[in-house]
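In order, the protein sequence lines correspond to chains A and B.
Quick note, the first sequence lines up with residues 1 to 609 if you use my numbering.
Quick note, the second sequence lines up with residues 1 to 162 if you use my numbering.
If you're looking for bench data, these hints aren't it; they were derived computationally from the structure.
There's no promise every hint is true.
Claimed, not checked - With a straight-line cut-off of 20 Å between C-alpha atoms, the simulated DMTMM-like cross-links for lysine to aspartate or glutamate are:
(1) Lys154/B / Asp586/A
(2) Lys40/B / Glu247/A
(3) Lys360/A / Glu480/A
Now for the letters of each chain:
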Amino acid sequence: MKSSQPETARIIVGMASCGIAAGAAEVYNSLQKKITEQKLDVQLDKTGCNGACFREPLVEIRMPGLPAVVYGDVTVKKIDQLLDRHLKNRQIIKEWAVLAESFPTPEEELFKNQVRIVLRNAGSINPEIIDDYISRNGYKAIQKVLKQMKPEDVIAEIKASGLRGRGGAGFPTGLKWQFARQSQGKEKFIICNGDEGDPGAFMDRSVMEGDPHSVMEGMLIAGYAIGANEGVIYVRAEYPLAVAHLEVAIQQAKERGFLGRRILGSKFSFDISLKLGAGAFVCGEETALIASVEGKRGMPRLRPPFPAVKGLWNQPTNINNVETYANIPWIILNGASAFSALGTEKSKGTKVFALAGKIKRGGMVEVPMGMSLREVIYKIGGGIKEDREFKAVQLGGPSGGCVPATLLDTPVDYDSLTETGAIMGSGGMVVMDDMTCMVDVAKFFLKFTQEESCGKCTFCRLGTKRMLEILEKITEGKGEPADLQKLEVLADYIRQGSLCGLGQTAPNPVLTTLKYFRHEYEAHIFEKKCPAKSCRELIAFRVVADNCTGCTLCAKVCPVNAISGAKKEIHFIDPKICTHCGACYDACRFDAIEVLTGILEESSEKITS
Amino acid sequence: MEASLATDIGSLDLKPLEKILKKYSDKRGILIPLLQETQKLYGYLPQAAIIRIADSTNNDISQVYGVATFYAQFRLKPVGKHIIRVCHGTACHVSGARRITETCEDQLGVHDGETTSDRKFTLESVACLGCCSLAPVMMVDQTTFGRLNDREVKKVIDNLKK
C-alpha cells in the first residue's frame, strides 16, 4: 500500500500467481470493461502480492482526499458495489477492507508486526513498470556503489551487515563475495538461484513476480563487488509469471542503461540472462545448478573447489538466492548497521516466510529474526484454521523438520531452529493440525526426496527408497516393531554417505517426527491405528444413524457407489466397497458420517453395527 | 518419464527445428533451452528431433537423451491438448491433493501420468506450484485454479470438455 496522496483515483489489482489463481484476472478484466463503459475517471493498475494471499483477490482503491483501502475477497459480483460506493459516492466499505490507512481492520495484525526489507515493494509497485521501482529508491543503491564505493567497500559493508544466505544454509554473504573476489579467473559470474523447489515455499516466486528489479539490482552490486560482468537468473519453469516479469524487467533495465555496457557512465558493464529450470529439485544445490546452466544433467559434485573458485565454466562464480539479493540494495542505502540492528546476535536482519497449511492467514510475511514461532503463527498468522489444535509446523521443506507445540517459543533464527532438528531453510512454514498424520508427512517428504534424488550417491538413491518402503508399510498397518530402529540406522547412513545437501538432509523429516511424534508411529505399528484418522488403510467410515437425514448427498458423491439407502432413510456405507476416500465425509452437512480408526477390516460388523 | 522414444523418424517435419538450432548455434550451455524450445514446438521431444539436436550440437545421442530423461519437464511421448497438473506440494498434500488427483482420474478416465485416448487431456502431478495459501491447487495449461474441491474440479474439466 502506498501512503502518499494520489492526484487521481487509482484502482490496483493484486495480480501475482496466487491472486490470479483466486480469480484476480477476471476481476481485472471486469473492472477494465466497466471503467471503459461507464467512462470513469480512474486509472487501473496491477501489482504483485502484498502477502495477504488468504484474502485474494485483493483490490486497492486510492483517491484524492480518501485513505487508501485494500479490499479482500473481491469477486466480479462485488465490483459494481465497489465502484458505486467507494469510487462514486466516496464511501468506504469497511467490512470488506483487509488493510486501510485510517481505521483498524481484522487483518491488520498480519501487517503490523512485520518489518519489510525484502518485501519493501511487495504489493506497492507494478512490477512491469521500471519507473515504479525507481520511484521507490530503485537503482539508487547501484548508483551509490558506482559513484562512492570500491568493490572492497561493498564487500565490507555486506560483511558488516551480518547478512547470511537466505536459501537455507545460512552462509555469510559478504564472506562468500570475498572468496569470489579473491579468486582468479579470465571471467567471473553471478548466479541468482531462483529454483525454489521446496514444496510449501513461494517467497522467491513472489519476489521475482512482484519486484524483479530489486533482485537484479542486488545482482548488479554483487557483480561489481566480485568483478563479474555476467549474471544468470535460474528460475523454475513452473513459475511462468516470474519468468515473464523478469524478461520485461531485464529489457527495461537495458533500455534505461542499468544493464549493458558502461553502466551509468562508469567502467562497469553487466548483463543478465535467464535460464529456465526443467524440473529437478536437486538443481537448488549450487554445483548441480551450475551443471544444469551448462546444459548437463543436474548432478552435484564434490566441494571443494567451491563455486567461488571454480563455478560456471570453471570460472569463479557467486551464487546467492533471490531473497539474499533482494536484501542488498536496502543494506547499501540504509547502511549495514540499520540491518544488523534487526535480529539476533548471529542471525541479522529479517526473514520472509511463506505461511501455508492449516493456518488462518496463509500468505507471505517478513519478520525480524528472533521472533518466536508462536508469534509468527498466532499473532501474525492468526492461529489455526477452524480453531483446531496445533500439532506441528514444518520448516525447511524436505530438508527440514517438524517442530511440535512444546517448542513453539523457539526463536526464528538459524541456530535455534537447527537445534530443534529442523532448519531455517528457505522459508516455507507449513502448519499442521490434529488431522494431519505425522507418519504420513514423513512419508510425503521421503517420497519427494526419493523421487528427486539424482542417483549419484548410493545411500541417497537406495537408502531413501528403503526408508520410504518402511514408511509405506507403517501407514498401511503392516509395520513391525523393528521398523523404527531400521529407519534410524538408515537415516544415519544416508546422512553420512551423501555428497550434497539433498541426501544429507533427506532423513530430517523422519528423524524429527520420530523424535517428537514417536507415539504416532507406535500407534500405527502396535495398535494399527492412525491417531489423526488420515491413513486410508487404517480408517473406516460409518453413518451416524442419529444424524443421518437421508438426503442422499453422500451416495451421490461416492465415486465407487459404496453408499446405499433410499431418500429420507438412514444410509449405509458398505465397508467392502468403500475405498476410504472421504468424499462422503466432506459432503455431509449433518455430521452424519464419522471416521473410525483402530478397527481391523475383518470385523466389519463392528464398523457397520 | 517413459523410457522409450516415440517412433517418428521420417514422418516428422524438421524444418521449424532448424530455425531453433540456428538461433542457438555458437552459444554455450544451450542444450536445455534448446530442448525446451523443441518441446514447445512439438509438444514433446520426438526421436528424430533428439537425433538432429545431438548431431548439430556435437553431442552423442545418449548425452541428449540423458539430459532429456533427467529433467521432469521433458516428455518423450506426445501429450494431450490440455495438460492438467495437480499440485502435490506440502500444503496441497495436507489439504487433500490426493482426492483432487482421484477426481481428475474419475472425470477423465485415465491414471495419473496418462493421456486420454482422444489426446485431449494429459493428467500429471507436480511437486509444488507455489500457490500454497490457496491449496489445494491445480494448473490447467497456464491457468492456475485454487481452493479446489471435488465440485470445482468437475466444473473446470467440464468446461474444457465443451
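Evaluated hints:
1. Distance restraint check for Lys154/B and Asp586/A: the Cα-Cα separation of roughly 16 Å lies within the 20 Å cut-off, and the hinted pair is therefore satisfied.
2. Distance restraint check for Lys40/B and Glu247/A: the Cα-Cα separation of roughly 18 Å lies within the 20 Å cut-off, and the hinted pair is therefore satisfied.
3. Between Lys360/A and Glu480/A, the direct Cα distance comes to roughly 38 Å. Violation of the 20 Å bound is thereby established for this hinted pair.
Violated hints amount to a single one, hint 3; each of the other numbered hints is respected by the structure.
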